[in-house]
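Just so you know, the protein sequences line up as chains A and B, in that order. For any residue, its number in my numbering is found by taking its place in the first sequence, counting from 1, and adding 4. For any residue, its number in my numbering is found by taking its place in the second sequence, counting from 1, and adding 918.
Wrong hints could be hidden among the right ones.
[To be verified] Selected chain A positions facing chain B (Cβ under 8 Å, derived; list incomplete):
| # | residue |
| --- | --- |
| 1 | P10 |
| 2 | E41 |
| 3 | I119 |
| 4 | A121 |
| 5 | R210 |
| 6 | L229 |
| 7 | P241 |
| 8 | E348 |
| 9 | I351 |
| 10 | V734 |
[What the hints assert, rightly or not] Here are the simulated lysine-lysine pairs, PhoX-like style, with alpha carbons at most 25 Å apart:
| # | chain 1 | residue 1 | chain 2 | residue 2 |
| --- | --- | --- | --- | --- |
| 11 | A | K15 | A | K458 |
| 12 | A | K458 | A | K707 |
| 13 | B | K1135 | A | K876 |
| 14 | A | K243 | A | K268 |
| 15 | B | K1114 | A | K876 |
| 16 | A | K295 | A | K876 |
| 17 | B | K1035 | B | K1045 |
| 18 | A | K730 | A | K707 |
| 19 | A | K302 | A | K349 |
| 20 | A | K713 | A | K694 |
| 21 | A | K811 | A | K80 |
| 22 | A | K385 | A | K811 |
| 23 | B | K1035 | A | K13 |
| 24 | A | K525 | A | K109 |
| 25 | B | K1041 | A | K13 |
| 26 | A | K707 | A | K109 |
| 27 | A | K243 | A | K355 |
| 28 | A | K811 | B | K1114 |
| 29 | A | K221 | B | K1035 |
| 30 | B | K1041 | A | K15 |
| 31 | A | K694 | B | K1035 |
| 32 | A | K385 | A | K713 |
| 33 | A | K515 | A | K525 |
| 34 | A | K811 | B | K1135 |
| 35 | B | K1135 | A | K189 |
| 36 | A | K221 | B | K1031 |
| 37 | A | K876 | B | K1031 |
| 38 | B | K1135 | A | K15 |
Hints listed in this document are in silico derivations from the structure and should not be mistaken for laboratory results. Note that beta-carbon positions come from the ideal geometry of N, C-alpha and C, so glycine has one too.
Residue strings, one per chain:
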Amino acid sequence: MTQESPTGKTKIPTYCYQCVAGPDLLNVRVEDGIATEIQPNFGAADCTPAGGKVCVKAFGLIQKVYNPHRILTPMKRTNPKKGREEDPKFVPISWDEALDAIAEKVNKIQAEGKIDAAGYPRVAASFGGGGTSTYYMGTFPAFLSTLTPIDMGFGSGQGVKCYHSEHLYGELWHRAFIVAPDTPKCEYIISFGMNIEASGGVCGVRRHADARDRGVKRIQVEPHLSQTGAASSEWVPIKPKTDPAFMYALIHVLLHEQRDRLDKVFLRDRTGSPYLVAPNGYYLRDPETKKPLVYDLKTKQAVPFDTANIEPALEGQFVLSGIELGADDDRWEHQDIKVTTAFEKLIEHMKPFTPLWAARVCDVDNKIIRRIALEYLDHAKVGETIEVDGRTMPLRPVAVTLGKTVNNGWGGYHCCWARTMLAVLVGALEVPGGTIGTTVRINRPASDRNDSVKLSEDGFLAYPMNPTDKENWLATPDVRNANRTLVPLVGNSAWSQALGPTHLAWMQQDKGPDHWPQATKPDLWFVYRTNPAVSFWDTNQITKTIATFPFTVCFAYTRDETNHMADILLPDRTDLEGLQLIRIGGTKFIEQFWDHQGFALRQPVTEPQGDTRDFTWISTELAKRCNMLEQYNKALNRGAAGVALKTDKYDFSLDVTQEHDVETIWDANCKAASAEITGGKEQQGLDYYKEKGYRLTDFPRIKWYLTAKMEDEGVRYELPYQETLKRVGVQLGRRLHEKGISWWDEQLEEYEALPDMMDFQALWEGALERNFGVDISDYPFWLVTSRSMQYAWGGNVSIQMIREVSKNIGTHGGLVMNTGRAHKMGLKDGDRVEITSPLSATRGILVTREGIRPDTLMLMGQFDHWATPFAKDFNVPSMNALVPMLLDLTDSSGSGADLARVKIKKIGEAK
Amino acid sequence: MTRYVMVADINRCVGCQTCTAACKHTNATAPGVQWRKVLDFEVGTYPNVRRAFIPVGCNHCLDAPCADVCPTLATYKRPDGIVSINYDLCIGCAYCIQACPYQARDRVDVPNKAYGKEFGQMKHEQKVPHSERRAVAQKCTFCSDRIDYGTANGLTPGIDPDATPACANACIANALIFGDIDNPNSNVSELLRTHKHFQMHEELETGSGFYYLWERK
Chain A
5 MTQESPTGKT KIPTYCYQCV AGPDLLNVRV EDGIATEIQP NFGAADCTPA
55 GGKVCVKAFG LIQKVYNPHR ILTPMKRTNP KKGREEDPKF VPISWDEALD
105 AIAEKVNKIQ AEGKIDAAGY PRVAASFGGG GTSTYYMGTF PAFLSTLTPI
155 DMGFGSGQGV KCYHSEHLYG ELWHRAFIVA PDTPKCEYII SFGMNIEASG
205 GVCGVRRHAD ARDRGVKRIQ VEPHLSQTGA ASSEWVPIKP KTDPAFMYAL
255 IHVLLHEQRD RLDKVFLRDR TGSPYLVAPN GYYLRDPETK KPLVYDLKTK
305 QAVPFDTANI EPALEGQFVL SGIELGADDD RWEHQDIKVT TAFEKLIEHM
355 KPFTPLWAAR VCDVDNKIIR RIALEYLDHA KVGETIEVDG RTMPLRPVAV
405 TLGKTVNNGW GGYHCCWART MLAVLVGALE VPGGTIGTTV RINRPASDRN
455 DSVKLSEDGF LAYPMNPTDK ENWLATPDVR NANRTLVPLV GNSAWSQALG
505 PTHLAWMQQD KGPDHWPQAT KPDLWFVYRT NPAVSFWDTN QITKTIATFP
555 FTVCFAYTRD ETNHMADILL PDRTDLEGLQ LIRIGGTKFI EQFWDHQGFA
605 LRQPVTEPQG DTRDFTWIST ELAKRCNMLE QYNKALNRGA AGVALKTDKY
655 DFSLDVTQEH DVETIWDANC KAASAEITGG KEQQGLDYYK EKGYRLTDFP
705 RIKWYLTAKM EDEGVRYELP YQETLKRVGV QLGRRLHEKG ISWWDEQLEE
755 YEALPDMMDF QALWEGALER NFGVDISDYP FWLVTSRSMQ YAWGGNVSIQ
805 MIREVSKNIG THGGLVMNTG RAHKMGLKDG DRVEITSPLS ATRGILVTRE
855 GIRPDTLMLM GQFDHWATPF AKDFNVPSMN ALVPMLLDLT DSSGSGADLA
905 RVKIKKIGEA K
Chain B
919 MTRYVMVADI NRCVGCQTCT AACKHTNATA PGVQWRKVLD FEVGTYPNVR
969 RAFIPVGCNH CLDAPCADVC PTLATYKRPD GIVSINYDLC IGCAYCIQAC
1019 PYQARDRVDV PNKAYGKEFG QMKHEQKVPH SERRAVAQKC TFCSDRIDYG
1069 TANGLTPGID PDATPACANA CIANALIFGD IDNPNSNVSE LLRTHKHFQM
1119 HEELETGSGF YYLWERK
């Protein structure tokens, strides 16, 4: 007997990219045109690392389509007063009226000049979800490209809610915007607050479950026992923001107790360890070639680093001659001076940081720290090799990973440096089993990090640092967060604005610092898939700031706290209603490591609801009404929708003078995509992708690691010694001082060749006391946050099903506090409490747990909604209202950490 | 003989609730009703504390307490071990809901409205109303319609997706595994041979069909 499968007759393939750990392929079951069920795409099980599955967030997509709270027609504000307490009095309008109003504003800006009197772009745009929103906005990037320059620096959490230091330093050192263990081969992972089981998506969860099954040992070091801690071999409850001390002690043990067991071949050949450092802290260089020198043990003399057949000394001091090139035109000529190898400098630098010292800082037993260092070294298997795609490579199955708050703000540099050094000391960087990067966003090309490997004059990975020399430094910021002016590391890619000090853009709206232009408001602000009124810090102030923006256009799914201040609401089609092609596979964010690469289609699986429109239709209409159609089409032909439509191997370019419908545009992109991955041999169109869902080709495993390319090109990692950063920092300091600016001086101190340890907890406490005039002892708790797998990046807070299932995780309920500490304070689970920081106060329910330090409190996710339907009734607080934006707590990368000091008091009994 | 059981590897589970959500989709359960869900447990006191995630649901017991108390014999055991409910016979007395030691049963009297009465039913809720389950006992069926379809069409439950419960299909950690424990060569038999395991409320001698793995032998 054969009957229809109960899993359904009609299944439409599409993808979910609600979080940066995606995209993931899926099927939607459709009955009589109505989407009823999300299912794995088992047809793709063999070619996707997650077996064709999707995580819990994807299952919210059906309610997302049919949610009765959706905005289903364009709206305009009729109350000119803006503010949290003001009813916007939105009224429905036609698409014509909405688009014409926007076009009128754009055309006025184009006519009057795109830059305002302060030098800032008059158009701004903010997008959320760590870049995922791009894969839902159809051809909007092509439209935006016709309006440039655009200020994209009004962040909604970028810099303070991401792995910020890792993004910048990771890219600098080893082309790693995101860092991951080579989990399938790794045997020992030290995870400092990296909540990979909540943030790693389907691939991450699957890879780590497989690793646990085969016996990987993961040590989770964090103040609060997260999901990842739960699934780890051991939880080490460390004091908040003391992670650098722990890592420094690990390095101390390796260097001062186990030096003979380190990977000296790797240190000598792949790093700057043998480079000689002269008295002013810069490399000793050859006077003729200006190349850094190393000491050759064979010939007993200093030679340029790239001299053939040499054996550079790793350790030691030598009396030698040469030149030293410092910042700007600083130059010293040395005769017979004492120089030291960079590695020797490191040994000396790390001497004080014993496990006993770190134990006091971190409140962790020194025996635990030493044991972890030794276990790490044992598992590193220095000397072992493995074959990958026919090439013999080192096998070093150990990795160190860093979580969000560890990576952000002061200490982020120290943690990233120490993490990378721990890999470097045992040769575990970019090799099988070790610490590897996933993707690049600052270096180019973004589609292949291997291809971004370029040799610098000094023998390291070349890096697109923003200039700090007198002639080329961008003295006047071109966007409101001043990313290129203040943060040389952020580069100048399409992502750089979002990686700048995004809170600076918000802070300056209140008052700019000395000798700095008072930031203006954007005349036109586009907002999509982001809600900074909830998701940034000092959200009360941000909300007030947003209310002062004169013309805000929000692409709106439901009403929310940011679009409460909008002038126009535009309802685009949601995930399961719109059409878009996306690049998938290769190595891509978090733990997305594929053996394939190619493209997948997001397509309508059901009739669109109401008068919503496809984002590509909206973009084309805007381009037309703004008289930008030709430029828009040209941008599409260049690849603004993800694929170049014309290369020397194929040509599917669109007629630039004509308006094209949505399907025509994506049909051309589909054909170009297939042609791109087949070298022009195939050209499947939209119909193929609609039926099959994706088109893939192989991605060689060896490209997961940079090692092969690094060896072939003779490139070194600039580690342990940061000569480039030191020089850049000195130059940036001179430029700022020449303008009379001294408010960035503390940040400048971070440009150190070898990062000096600081008391990071005291730094926080001091900043709060100075800025708020409080006695920090009145705020006895550290407040931290933790990633929610059900919600993170998803923009799904108004989905009932997500709320329902997320409540099975106990820590979603409110303020998490150590049970014993609560009892000592006369508090119990379920009590209502007020949480007060030096900035503000909020309220919530107390959740008592054993898995949290007694000196720490935790608030999960980012809730505290007051306008978003459904979510506004959660009654769950967020730390975002409690965390101030302070220059004092901003590090040199422009980032700050999700960390607050608070006190609590009971305001009601448990029900 | 055949007896279908569920195996949950708690060394793999991370509490993501993907199984919970997949079950809700496939079975169109009411808001607040979860035939499959994952509990979030702590054991010990700080700092010696462990946290674990435990998938739960109907244990499809051999000696099912729910069946024992059913006055109409609506709850019955199938030859393949799945405990089922004949909705036509069920009078909704809820004795079984009280008797189940696994808290796996619910009764829902009103149509599904995830956003409440004020907003009515969404289109997909209208499309799969499952009115036969109104005002009677309901619980996990091990997606028995898939099992029946699979066995009728030469598929292997627990291996072929069309013959496997939605929760096991969806589990992103591969922590939920479904299969025939009476077949010594099945996926679940192999896992139970190679792993230390336990069952919930073993002391009640229900003959549970739900096994928890916690480490390899």
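Numbered hints the structure breaks, given as an ascending list: 3, 4, 8, 9, 10, 11, 13, 14, 15, 16, 18, 20, 21, 22, 23, 26, 28, 29, 31, 34, 36, 38
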